[in-house]
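Using the sequences and the hints, build the whole thing.
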Amino acid sequence: MAETTPRILAPHLDSFTNRTIRIIGKVTQLRGETAILEASGPITCHLNRDSHLTVGHAVEILGKVQGDLSVKVLRATDMGGEREFDFAAVEALVDATHRYKEIFYAE
Amino acid sequence: MANYGYGGNNGAYSNTSYGGQNAAQEGGGFMNGSQAGSQDTPGGSKTYGKDTLRPVTIKQVLEAQQPHPDSDFKIDGTDVTQITFVGQINGISSQTTNTTFKLDDGTGTIEVKQWVDSDADPETAKALPKEGEYLRVWGRLKAFNNKRHVASHLLRPIDNMNEISYHLLEATAVHLYFTRGPPPTADGVKTEGGNGMFVGTDGGAAAGGGSNASKAMKMTPLARKVYDLLQSAPTNNEGLHVNVIATQLGLNSNDVFKAGDELLGAGTIFTTVDDETWAVLEY
Chain A
1 MAETTPRILA PHLDSFTNRT IRIIGKVTQL RGETAILEAS GPITCHLNRD SHLTVGHAVE
61 ILGKVQGDLS VKVLRATDMG GEREFDFAAV EALVDATHRY KEIFYAE
Chain B
1 MANYGYGGNN GAYSNTSYGG QNAAQEGGGF MNGSQAGSQD TPGGSKTYGK DTLRPVTIKQ
61 VLEAQQPHPD SDFKIDGTDV TQITFVGQIN GISSQTTNTT FKLDDGTGTI EVKQWVDSDA
121 DPETAKALPK EGEYLRVWGR LKAFNNKRHV ASHLLRPIDN MNEISYHLLE ATAVHLYFTR
181 GPPPTADGVK TEGGNGMFVG TDGGAAAGGG SNASKAMKMT PLARKVYDLL QSAPTNNEGL
241 HVNVIATQLG LNSNDVFKAG DELLGAGTIF TTVDDETWAV LEY
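Residue numbers (the working numbering), protein chains in the order written: chain A, 1 to 107; chain B, 1 to 283.
A hint or two may mislead.
If we take Cβ atoms under 7 Å as the criterion, some of the chain A residues that face chain B in the derived model are [unchecked claim]:
| hint | residue |
| --- | --- |
| 1 | N18 |
| 2 | R19 |
| 3 | L53 |
| 4 | M79 |
| 5 | A96 |
| 6 | K101 |
| 7 | F104 |
Hints were generated in silico from the structure; no laboratory data involved. Glycine included, C-beta positions come from ideal geometry on N, C-alpha and C.
This is the structure:
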């Protein structure tokens with residue numbers, strides 16, 4: 001299935017270049033066309049016209065990892081303010097995704 | 001036609017025997033009476049009394065096994081009837097009789113059909129979910145023309161995004177339960193995961209409790225139950241007799257012997273007064 005989009009964090013970026021992935025992180029900076037996310041490390045995202053990000057909010061980015069380990073955004077979904085969103089649960093989920101990948105994605 | 005009848009019988013047979021075992025594995029919530037009852041009346045409600053609602057990922061749904069056409073799907077070797085999952089809407093198509101959503105949870109994509117209730121009052125009808133939103137779905141897996149879809153009983157938009165993390169972790173926990181057996185302790189999921197990385201290393205004996213937990217990982221679910229019973233049973237040095245184990249776990253003694261062989265082979269238990277009495281080997 002080419003349609004799987006594994007959830008990853010910053011440390012996984014270099015093993016997923018040129019793949020479509022999902023990243024859940026906190027928006028720390030917005031600079032016009034790009035945004036910086038915090039997801040166990042900083043990630044630079046190149047936004048598209050439809051992405052509406054809010055600094056301090058959790059966001060799920062569906063995007064493609066570029067050669068320079070930045071992410072080209074295909075779709076951004078707001079996941080709520082940082083106070084109501086549980087980032088520890090996401091870290092656990094990403095850990096489970098790669099530890100038990102048989103139910104999450106194919107290599 | 002003959003083929004159809006054969007398949008049906010076969011399905012009913014394997015379901016009943018399997019279901020019985022299953023009930024025992026899960027601690028026996030189901031009465032044998034109802035199992036026998038459903039065997040007597042094939043067709044109709046053959047899954048009645050063992051309906052389950054299982055949290056799954058879409059990848060698991062796409063890879064579910066179907067032993068015969070028309071039979072129930074199996075995931076991790078266990079029958080699934082009802083399933084629940086989450087997914088982001090990738091496409092919506094509204095027909096007069098149903099609405100089809102294309103849902104993607106990051107592990108795959110599947111179509112979900114929600115039948116339109118023509119009796120519903122249009123005044124109270126809820127707004128249709130929009131593309132990009134996350135949904136929680138409860139439904140039944142169907143195959144039609146070799147294409148799988150989920151017939152949804154109920155779906156609702158997710159408004160607390162933590163539900164996505166929660167659901168996928170729950171699906172993982174259930175997957176591990178069926179493939180590796182119940183966790184050895186209450187906080188087992190964590191312990192097990194941690195030790196999982198060191199299974200191959202030799203340093204096990206150094207870490208008393210830890211080594212036991214990593215040994216437990218390699219057991220079949222049946223062996224795990226026997227092991228847990230032996231460990232928790234308040235006994236003297238003699239341990240427990242096979243028949244006692246069988247009665248307490250509600251298993252037949254053949255299965256207990258099989259589990260015992262496995263545990264004896266692994267060196268986690270030893271025989272005491274005779275070959276059929278076992279105790280946990282502690283060191």
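A quick look at each hint next to the structure:
no.	hint	result
1	N18	violated (17 Å)
2	R19	violated (12 Å)
3	L53	violated (14 Å)
4	M79	holds (4 Å)
5	A96	holds (5 Å)
6	K101	violated (9 Å)
7	F104	holds (5 Å)
The structure fails hints 1, 2, 3, 6 (numbered hints given earlier, in ascending order).
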